[in-house]
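Novice: Take these sequences, add in the hints, and give me the full structure.
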Amino acid sequence: MVEFDVVELGPADHPEVGDTAPDFTRPLVGPEFWEDVSLSALAEEGPVLLVFTPMDGAFPATYVWNEIRDREWEESVRVVGLSISTPYEHADLLTERGIDYELFSDPGNGVAREYGIEHALDGMTGISEPRPAVFLLDTDRTIEYAWVAEEWPDFPPYDAVEDAIESL
Amino acid sequence: MGETPITFYRLQACPYCERVTRTLDELGLEYRSRFVEPLHSKRDVVKRISGKRSVPAIVDHGTGVTMSESANIVEYLERTYGDDADGSEAETGGAA
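In order, the protein sequence lines correspond to chains A and B. If you read the first sequence in full-length UniProt numbering, its first letter stands for residue 1, the second for the next number, and so on. If you read the second sequence in full-length UniProt numbering, its first letter stands for residue 1, the second for the next number, and so on.
Hint data in this document are derived by calculation from the structure and do not stem from the laboratory.
Listed below are several chain A residues computed to face chain B (Cβ distance under 8 Å; list not exhaustive):
hint: 1; residue: E32
hint: 2; residue: F33
hint: 3; residue: W34
hint: 4; residue: E35
hint: 5; residue: P87
hint: 6; residue: A91
For lysine to aspartate or glutamate, the following DMTMM-like pairs were computed, each having C-alpha atoms within a straight-line distance of at most 25 Å:
hint: 7; chain 1: B; residue 1: K42; chain 2: A; residue 2: E102
hint: 8; chain 1: B; residue 1: K52; chain 2: B; residue 2: E18
hint: 9; chain 1: B; residue 1: K47; chain 2: B; residue 2: D60
hint: 10; chain 1: B; residue 1: K47; chain 2: A; residue 2: E32
hint: 11; chain 1: B; residue 1: K47; chain 2: A; residue 2: E96
hint: 12; chain 1: B; residue 1: K42; chain 2: A; residue 2: D92
hint: 13; chain 1: B; residue 1: K42; chain 2: A; residue 2: E89
hint: 14; chain 1: B; residue 1: K52; chain 2: A; residue 2: E32
hint: 15; chain 1: B; residue 1: K47; chain 2: A; residue 2: E89
hint: 16; chain 1: B; residue 1: K42; chain 2: A; residue 2: E35
hint: 17; chain 1: B; residue 1: K52; chain 2: B; residue 2: E75
hint: 18; chain 1: B; residue 1: K47; chain 2: B; residue 2: E3
hint: 19; chain 1: B; residue 1: K47; chain 2: A; residue 2: E35
hint: 20; chain 1: B; residue 1: K42; chain 2: A; residue 2: E96
hint: 21; chain 1: B; residue 1: K47; chain 2: A; residue 2: D36
hint: 22; chain 1: B; residue 1: K42; chain 2: A; residue 2: D100
hint: 23; chain 1: B; residue 1: K47; chain 2: A; residue 2: D92
hint: 24; chain 1: B; residue 1: K47; chain 2: B; residue 2: E30
hint: 25; chain 1: B; residue 1: K52; chain 2: A; residue 2: D92
hint: 26; chain 1: B; residue 1: K42; chain 2: A; residue 2: E32
hint: 27; chain 1: B; residue 1: K52; chain 2: A; residue 2: D36
hint: 28; chain 1: B; residue 1: K47; chain 2: A; residue 2: D100
hint: 29; chain 1: B; residue 1: K42; chain 2: B; residue 2: D60
hint: 30; chain 1: B; residue 1: K52; chain 2: A; residue 2: E35
hint: 31; chain 1: B; residue 1: K47; chain 2: B; residue 2: E18
hint: 32; chain 1: B; residue 1: K47; chain 2: A; residue 2: E102
hint: 33; chain 1: B; residue 1: K52; chain 2: B; residue 2: E69
Computed far set for chain B versus chain A, every beta-carbon distance over 10 Å:
hint: 34; residue: P15
hint: 35; residue: E26
hint: 36; residue: D60
hint: 37; residue: T63
hint: 38; residue: Y76
Using N, Cα and C, we set each Cβ at its ideal position, and we do this for glycine too.
Specialist: What follows is the structure in C-alpha cells.
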C-alpha cells in the first residue's frame, strides 16, 4: 500500500455564511475580451457563485472546471472563477475546456488575502494562490454558502454546492 | 453595471492603442477598457461592433459613434470633446 499523505492546511479565517463578501475589482475574462469588473456589480444582476481555484494548468483547476461545466449551474446562478493566472491563460482555459463561465484574473493574489484564504506554494518562491474555495452570494453579497479547502488537494463538495444553489 | 460613456477595445502594448489612451486621458474622458486577444482571427467582438478586426476601436455610447484606426479616433475625440470643440461652439455662440 502506497503511503498517501494529504497535506493539512488547517482552518482558514474566511468570511462565513451571513457575512458580506469583500468587494473587489479585477479583470474578468470571457471568451472574447477582458475588462475590469467589480464583484458588487456582478452581484447586483443576480446571485453569484465565486469559485477560487489553483492556477490554470494545475490538475485541480482542470478537474474543478470540467465538473462545474458538466453540471450546468448557469441555469440558476452566475458562475465566475478566480485564480492567479493571467487573462491570456484564462482565455486559453475557456477555449480548451469549452467553458462558458467567466474567470477573474488576480496574479497578485490580493483577493485571496482579503478573503483569508491565501496559500503559499512550497518550492515556488514568490508565488501564492488561493486555497480552493466556493462562496455563494446573494445580490447584496451576503454569503449563503461557503466552503474552503482545509487539506491539499481537496475539491468542492459539488452536491452540497448544488443544494445551496437550488435553495437560493 | 452602470454605463461608462466610452468602450475602448485595445491590445496590450499596442502603440496605436496607447495613443488613444493618451488622448482619452488628456481630454479627461471616462471609458472602460476591453482587452482583446492579440491573434487577429480571434477578435470577433471587434469585428461585430466595427466591421473589421483592427484595434484600437471605440464605441461612444453618448453619440452612437463606433470607430477604429487611431488617427481617426484621436481626431474624432479632439473634435468632439477637445478645446477646439468648446472653442468653436463658443465662437459660434459669440457670433450669433
